[in-house]
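> Residue strings, one per chain:
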Amino acid sequence: MPRRTDTYYEKLQRTRIWRSIFRSGAGYSTLHRALAIQQNIFLHLFSTKVRRRMLTFRATWYLGALTLGTFFILVVTGVLLMLYYHPSVPQAYADMKDLKFVVSSGMFLRNLHRWSAHTMVFLVFAHMFKVFYRGAYRPPRQFNWVIGVVLLLTTLLLSYTGYLLPWDQLAFWAITVGSNIASAVPVFGDKVSFLMLGGHQVNANALLRFYVLHCVILPLAAALLIAVHMWRIRKDGGLYVRQSQPGVESPRESHADEAGVVKV
Amino acid sequence: MGIAMEWISASMKAKLISFWRALFRDPIIPFGLVSLVLLVTLAIIPAKDHFSEWRRYQRQYLRLIHDRGDSVTLERHFQGGIRQIWLPELAVADRCQTCHTALGEASLGDVSTQPFRTHSVIPHRLDEFGCVICHRGQGAATTVAEAHHSTLAPEEPLLPARYLEASCGQCHHVALPGTPNLNEGRDLLARRGCLRCHAVRLPDGSRMTPTDNPQPITHIAAKTTREWIYAWLQTPSGYAASSTMPDYQMSEEDARDISAFLIANSEPLSGSSLPTPLAPSKSAPDTAAGATLYRESSCASCHAIGNAANNMVGGDLGQEPAPELAPEPGPELTRIGSKVKPEWLQSWLQDPRTYNSHTLMPRYRWTPQQLRIVSAYVESRTDPELLAHVHLQPATAQQIANGKALVIEYGCAVCHEIRGIPKPEAYAPELSRVGSKPLAQLVFITGMERTLPAYLNGKIRHPQAFGPGLRMPQYTFTSEQADALTTALLSLTDRSFALPSRLQIPAQAVATYQPAGQAGKLMAELNCFACHRINGRGGDTAPDLTWEGSAVQRAWLDAFLKNPYTLRPAMIRHMPKFNLSDSERAELTGYFVTVYQKPDIDRDSMPLSGYSPALVEQGRQLFYSKYSCQSCHMVNTQKDKGSIGPALTNVGSRLNAAWIDHWLKNPQALRPGTIEPNQNMSDGDASALTAFLMAQKSSGAREAKR
Numbered sequence: 001m002p003r004r005t006d007t008y009y010e011k012l013q014r015t016r017i018w019r020s021i022f023r024s025g026a027g028y029s030t031l032h033r034a035l036a037i038q039q040n041i042f043l044h045l046f047s048t049k050v051r052r053r054m055l056t057f058r059a060t061w062y063l064g065a066l067t068l069g070t071f072f073i074l075v076v077t078g079v080l081l082m083l084y085y086h087p088s089v090p091q092a093y094a095d096m097k098d099l100k101f102v103v104s105s106g107m108f109l110r111n112l113h114r115w116s117a118h119t120m121v122f123l124v125f126a127h128m129f130k131v132f133y134r135g136a137y138r139p140p141r142q143f144n145w146v147i148g149v150v151l152l153l154t155t156l157l158l159s160y161t162g163y164l165l166p167w168d169q170l171a172f173w174a175i176t177v178g179s180n181i182a183s184a185v186p187v188f189g190d191k192v193s194f195l196m197l198g199g200h201q202v203n204a205n206a207l208l209r210f211y212v213l214h215c216v217i218l219p220l221a222a223a224l225l226i227a228v229h230m231w232r233i234r235k236d237g238g239l240y241v242r243q244s245q246p247g248v249e250s251p252r253e254s255h256a257d258e259a260g261v262v263k264v
Numbered sequence: 001m002g003i004a005m006e007w008i009s010a011s012m013k014a015k016l017i018s019f020w021r022a023l024f025r026d027p028i029i030p031f032g033l034v035s036l037v038l039l040v041t042l043a044i045i046p047a048k049d050h051f052s053e054w055r056r057y058q059r060q061y062l063r064l065i066h067d068r069g070d071s072v073t074l075e076r077h078f079q080g081g082i083r084q085i086w087l088p089e090l091a092v093a094d095r096c097q098t099c100h101t102a103l104g105e106a107s108l109g110d111v112s113t114q115p116f117r118t119h120s121v122i123p124h125r126l127d128e129f130g131c132v133i134c135h136r137g138q139g140a141a142t143t144v145a146e147a148h149h150s151t152l153a154p155e156e157p158l159l160p161a162r163y164l165e166a167s168c169g170q171c172h173h174v175a176l177p178g179t180p181n182l183n184e185g186r187d188l189l190a191r192r193g194c195l196r197c198h199a200v201r202l203p204d205g206s207r208m209t210p211t212d213n214p215q216p217i218t219h220i221a222a223k224t225t226r227e228w229i230y231a232w233l234q235t236p237s238g239y240a241a242s243s244t245m246p247d248y249q250m251s252e253e254d255a256r257d258i259s260a261f262l263i264a265n266s267e268p269l270s271g272s273s274l275p276t277p278l279a280p281s282k283s284a285p286d287t288a289a290g291a292t293l294y295r296e297s298s299c300a301s302c303h304a305i306g307n308a309a310n311n312m313v314g315g316d317l318g319q320e321p322a323p324e325l326a327p328e329p330g331p332e333l334t335r336i337g338s339k340v341k342p343e344w345l346q347s348w349l350q351d352p353r354t355y356n357s358h359t360l361m362p363r364y365r366w367t368p369q370q371l372r373i374v375s376a377y378v379e380s381r382t383d384p385e386l387l388a389h390v391h392l393q394p395a396t397a398q399q400i401a402n403g404k405a406l407v408i409e410y411g412c413a414v415c416h417e418i419r420g421i422p423k424p425e426a427y428a429p430e431l432s433r434v435g436s437k438p439l440a441q442l443v444f445i446t447g448m449e450r451t452l453p454a455y456l457n458g459k460i461r462h463p464q465a466f467g468p469g470l471r472m473p474q475y476t477f478t479s480e481q482a483d484a485l486t487t488a489l490l491s492l493t494d495r496s497f498a499l500p501s502r503l504q505i506p507a508q509a510v511a512t513y514q515p516a517g518q519a520g521k522l523m524a525e526l527n528c529f530a531c532h533r534i535n536g537r538g539g540d541t542a543p544d545l546t547w548e549g550s551a552v553q554r555a556w557l558d559a560f561l562k563n564p565y566t567l568r569p570a571m572i573r574h575m576p577k578f579n580l581s582d583s584e585r586a587e588l589t590g591y592f593v594t595v596y597q598k599p600d601i602d603r604d605s606m607p608l609s610g611y612s613p614a615l616v617e618q619g620r621q622l623f624y625s626k627y628s629c630q631s632c633h634m635v636n637t638q639k640d641k642g643s644i645g646p647a648l649t650n651v652g653s654r655l656n657a658a659w660i661d662h663w664l665k666n667p668q669a670l671r672p673g674t675i676e677p678n679q680n681m682s683d684g685d686a687s688a689l690t691a692f693l694m695a696q697k698s699s700g701a702r703e704a705k706r
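For the record, the sequence lines run as chains A and B.
Take the first sequence: its position 121, counted from the start at 1, is 121 in our numbering, and no numbers get skipped.
Take the second sequence: its position 597, counted from the start at 1, is 597 in our numbering, and no numbers get skipped.
Derived from the structure by calculation, the hints contain no laboratory data.
There may be inaccurate statements among the hints.
Said to hold, decoys possible - Subject to a maximum C-alpha distance of 20 Å in a straight line, what follows is the list of computed SDA-like cross-link-like pairs (lysine to any residue):
#1 Lys-48/B - Met-107/A
#2 Lys-97/A - Gly-32/B
#3 Lys-97/A - Glu-53/B
#4 Lys-100/A - Arg-83/B
Said to hold, decoys possible - Negatives, chain A to chain B, calculated, CB over 12 Å:
#5 Ser-24
#6 His-32
#7 Leu-66
#8 Met-96
#9 Arg-114
In this text, all values refer to a predicted model and were calculated from it rather than measured experimentally.
Quick reminder that beta carbons are idealized off the backbone N, C-alpha and C, glycines included.
Construct the entire structure; sequences and hints are all you get.
As structure tokens, this is what we get:
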């Protein structure tokens, strides 16, 4: 790397305050960059090095990253929506009206949350198909696939619990149908339904339960699982490269299977 | 051409591919594009808010008041932004004033364009009640379409203005002077039998009670013929235009079978209690005497008769001003002669309670001669056309059995007492909250307006149009009555139940006052409460008798009951003469004088006679000069002209001195609403006038004459 004059940014990076915050220190060497990733609590989940080819669109279609993006949008809009929402009957519905008619950009927030939720469900499925058809679920990534399946369930549950919160007719009947399906399970179906609703009918208890699930328990679970999911990508050898044989870590890249030959 | 197309599509394809590559070769590019889209979206959001409907109306309003003389004041009053009335207790957050900016601006009374009209003067403050409590609609909304017309559950559209009184009825369960429609509707609900099938619970837990008085038909065979029942069932209005029995549009077969069952099921009247039949009269009935007796007995107060021009005469007892307190009128008598059997009529007139123990008909103590006259007079009201074409074969057992099934199916026993048929429970849907019924639960006829008021109105007017097999029969309501009923039904809302109880103005409890003992039985038999009110119960066509014992002297009361006359020179109508026996009169007067006392008037504190002539003379001066009582009352029939108040020629024999004294000092305290002015009389003036009035005794000639 050619010698350059120091920019303000580089001066800033040498200050004691900066050094106290970022342990990796400044520098552009490969080591410095790797350290910047590895020593950051958030970034250390990711691989310190990625093949450039894996960052192209065709490699992953960015489906996992896009899913994570919608999740971030959902967290941000969801927190903002929580500022206007009471999980109580009938105030919950009145809050929808307030969001619609008097809260600045209230409708935008609701719509963004709603469409992001739909998009996330779609993207999660697309991501799983992509992973499946590329064979990326195979060892040593088999446990990450399992985490992914649990994340799919978490996503669906988030979607389902969020459905009740507007407390309109659609919400009420959708959850009524859902809980009836649950109670149709033999032997312990009724117990499951009762546990879900906090009673025998969709009412204030159900609303509160769904609210806590939707805003606390499930998002925390999802965040935790996403963290593990990311960490496992690194631990399982980075993003899946096609030519690797099942169970065998490929030592180097080859273009041999770009033609679509699947090695078994 | 084909080659050209191919070339274009090939070049397009190449372009698309190169575009795709350009886009996704470097991940920065799609990232930038997405960011751009987000930025544009974020710019659109505040713009949408800025161009919203309510801001446009507020700008219009500012332009409107800009050129007016009082624009400075108006602009100071105006507050921009979203304006709302928030009443947590009523669950109201009304943002109507965001667009209706000038509701409280009296100086904008000439503005007729909405949404800038001022609100008319009402008894409530707008900021204490909000808008949707009365007008309905969606108060939370800030667009016209959503606020006025939304019908998505649980939102309601605006209530049409003609039903607006319904909103008063959500809190006011007592009749208000300003809500004639609502009052009439509630009265019709109670009076036209609606409440017999439909239960209506009120927020305080009580129920609306029917006030009609349907006939028991346990002994119907004694009263009328099968032919009449047959004709009546098919078209009740053919017999009596004012019939309150709805039209079941019954087929000939159904009417035949039901009439057969009712006659066969009828129980003979028990022999011992039957009044003795009269010997047939030898002479022709005296119609003039009949008409006089009919009038003097005040029959027309309760019973209507259609005259030659087909107008109803009579039966208007206490219709105004408080119909809800008036007793139920009796049946129409236009064609009574074609209905009832003569021997039944005579026994009924002798003692109505033998036939129907709940009847409101007083027992007149007519002499046999009077009975003959009045029954002949009533019997002469016939219509030969009514039953001319009714010819029924003798009933078969099959018809009778079928009739019984039909009686159960039609729900006859909901109103009528029928032997062997139990009264059905919950025959029709409960209407306690019908005013909040969601549209999703209604079945509309094609072509009708899809609103709750339109549905209720249609259902009241043409219940059968809503589908075959519906049990509600056809009533004969005028369109005003249907509107009034709709108003009353629309007042039965969820909100009414949700309101805190301290905001509810409960209905006056139905006065159940019942005088005790033998006198009480007599008063029930004479149906005194049809005209007189005592302790809040009864009609208001005759004086309130609550404190009659303090007011009148016993001897006068006894004489009056023996021979009633009118106290007011301007009035002809007087109380009917009931031919009470001496012991009955003694019972009644004794009860009145003992029980109907005003606690703070000591009847014996002032003597009935023996006032000094000087005091009497002083009273005379006050009567004629200072207070000019003669302008309304007469003491001397020759000299005085006052005919508004009761005649006082005999007042010394009629009233107690203590009562007169109290009355003079404050008439309204003894009879609220009396038109006698309160003169703020001094004690001295009052006692002098009392002395003068007590000196006005009857000469005795009147008593002797009777």
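> Hint by hint, note whether the structure agrees.
For each hint, the structure was consulted:
no.	hint	in the structure
1	Lys-48/B - Met-107/A	holds (11 Å)
2	Lys-97/A - Gly-32/B	violated (35 Å)
3	Lys-97/A - Glu-53/B	holds (16 Å)
4	Lys-100/A - Arg-83/B	holds (15 Å)
5	Ser-24	holds (24 Å)
6	His-32	holds (23 Å)
7	Leu-66	violated (10 Å)
8	Met-96	violated (9 Å)
9	Arg-114	holds (15 Å)
Violation of the numbered hints given earlier is confined to hints 2, 7, 8; the remaining hints are satisfied by the structure.
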